[in-house]
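As a plain string of letters, each chain reads:
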Amino acid sequence: MTATDLPRLGLGIGWRAEIDLTVERLPGVEFVEVIAENVRPARLPESLRVLRGRGIPVVPHGVGLGVGGAEPPSPERLAHLAACAEALGSPLVSEHLAFVRAGGVEAGHLLPVPRTREALDVVTENVRRAQDALPVPLALENVAALFGWPDDELTDAEFLAELVERTGVLLLVDVANLYTNQVNLGLSAVEALNRLPLTSLAYVHVAGGEEHGGLWHDTHAASVPDRILDVLAELCARVTPPGVLLEWDDAYPSDSALAAELARVSAAMARHAA
Amino acid sequence: MTLGDARARLARRQEQVVAALVAGGEVPEGFDARRLRVQARSLIAKRRGVVARLRPDAAAAAYPDLVELFAAYAAERTEPPPSYRADANDFADWLRRQGRMRSDVREPWWRRLVRARR
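Same order as they appear, the protein sequences are chains A and B. So for the first sequence, numbering that gives the first Met the number 0 puts the first residue at 0; every next one is plus one. So for the second sequence, numbering that gives the first Met the number 0 puts the first residue at 0; every next one is plus one.
If you are wondering where the hints come from, they were derived from the structure by calculation, not from laboratory data. Just so you know, not all the hints are guaranteed correct.
[Said to hold, decoys possible] Only part of the chain B face toward chain A is listed, based on derived beta-carbon distances under 10 Å:
1. Met0
2. Asp4
3. Ala10
4. Arg12
5. Leu35
6. Leu53
7. Pro79
8. Gln97
9. Leu112
[To be verified] In silico contact screen, one side only, chain A against chain B (beta carbon under 8 Å); selected entries:
10. Ala41
11. Pro44
12. Gly68
13. Ala69
14. Phe98
15. Asp120
16. Val121
17. Phe146
18. Glu152
19. Leu153
20. His216
21. Pro252
By construction, the Cβ of each residue, glycine as well, lies at the ideal position given by its N, Cα and C atoms.
With these hints in hand, go ahead and build the complete structure from the sequences.
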């Protein structure tokens, strides 16, 4: 499967219950994402039904599968993602290249996988199982990390490129996470864009964060800094992404501030578009 | 080496990392201890935000020391919370034991219903 088979998604924003009416009203929103763990397919929030009624695609975005974990992905969690995609008529489902629990203990966060050949074999098998259980294509997102593993042998981009090659999984490239890993791990964002197979790009995430003590925290609760919009512009110089979605998860600003933020994202996409 | 071996080895190492981050476990060999501390603190900040949304009464009772009080509560808890909801209720109970929250406040009538439905 290549990205060319995917529909154009356009400009999007993460749908959250706290800003449901805002998302419905914001001009220029062409698609949304919903956190899969926060919805019940049999009882979809009214706001999502309104958006679907207008033909706005809704992408279930999972945060709890842990496809980078040592255990195979849970059939129940996969069934939930599949049911979300069916109920919402979604063109695809997205998740993260991360582990979220180990030994039955929840980490409460998306944690980076060791970027080793051995871990790659495990994750490849996990991704294949996930793909087999889903009725629509799966896209995997690169995560933001505060730490690396001592035995990392590949960059994040090399690991994902290999995974795409082996499984045909699509990419959800989070440019804020590329920037985070450049600051925190010294992995160049531009080099990552050069290495990632952008022909398999499903869509892009962009979000704001905060710097503390020389480290970037990807909080999704602040305006997107120009340095992250620069990474987005770099990506758009290489390929026309099928979609670009703004994530904002806390400390919600006014409707007009969110509209202005979407306009900044659009402008960055157009800066030197491919 | 089989995939089963790879899974077992990955499981052991990921368990060590999660234990260091959420259960006060030792920093596994080779990891940057400072970075894991930053990650652990960031996880506590995230929990604090969710807990404050789930139990605004507890967040209000802890005000203006929510950051310090939640950190103290989290440090005392070696067993990670099974859910955000349990975390929020445990934090409220912890505040009561600290005398920071009145224990004679009756819970809202609807909370019994919510509990009964779960």
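**Prompt:** Holds or violated: B/Leu112 as interface residue toward chain A, Cβ cutoff 10 Å?
**Reply:** violated (18 Å)
**Message:** Min Cβ distance, A/Gly68 to chain B: is it shorter than 8 Å?
**Reply:** Holds, because the Cβ-Cβ distance from A/Gly68 to chain B comes to roughly 7 Å (cut-off 8 Å).
**Prompt:** Do the numbers back the hint for A/His216, that is, is its least Cβ distance to chain B under 8 Å?
**Reply:** Where the cut-off is 8 Å and the nearest Cβ of chain B is about 6 Å from A/His216, the hint holds.
**Item:** Hinted contact B/Arg12 with chain A - closest CB pair below 10 Å
**Value:** holds (7 Å)
**Request:** Verify the interface restraint on B/Met0: the C-beta must sit less than 10 Å from at least one C-beta of chain A.
**Result:** holds (8 Å)
**Request:** Would you settle whether the hint for A/Phe98 is holds or violated, based on the nearest Cβ-Cβ distance to chain B being less than 8 Å?
**Result:** holds (5 Å)
**Message:** A closest beta-carbon separation below 8 Å is what the hint needs, so does A/Ala69 meet it against chain B?
**Reply:** Holds, because the Cβ-Cβ distance from A/Ala69 to chain B comes to roughly 4 Å (cut-off 8 Å).
**Status of the hint placing A/Ala41 at chain B (closest C-beta pair under 8 Å)** = violated (16 Å)
**Prompt:** Given A/Glu152 as an interface hint, is the shortest Cβ-Cβ distance to chain B below 8 Å?
**Reply:** With Cβ-Cβ at 13 Å, over 8 Å, it is violated.
**Message:** Hint B/Gln97 vs chain A: min CB-CB distance below 10 Å?
**Reply:** violated (23 Å)
**Asked** Given B/Leu35 as an interface hint, is the shortest Cβ-Cβ distance to chain A below 10 Å?
**Response** With Cβ-Cβ at 6 Å, under 10 Å, it holds.
**Asked** Can we keep the A/Val121 interface hint, with Cβ of chain B closer than 8 Å?
**Response** holds (5 Å)
Going through the hint list in order, the structure does not satisfy hints 6, 8, 9, 10, 11, 18, 19, 21.
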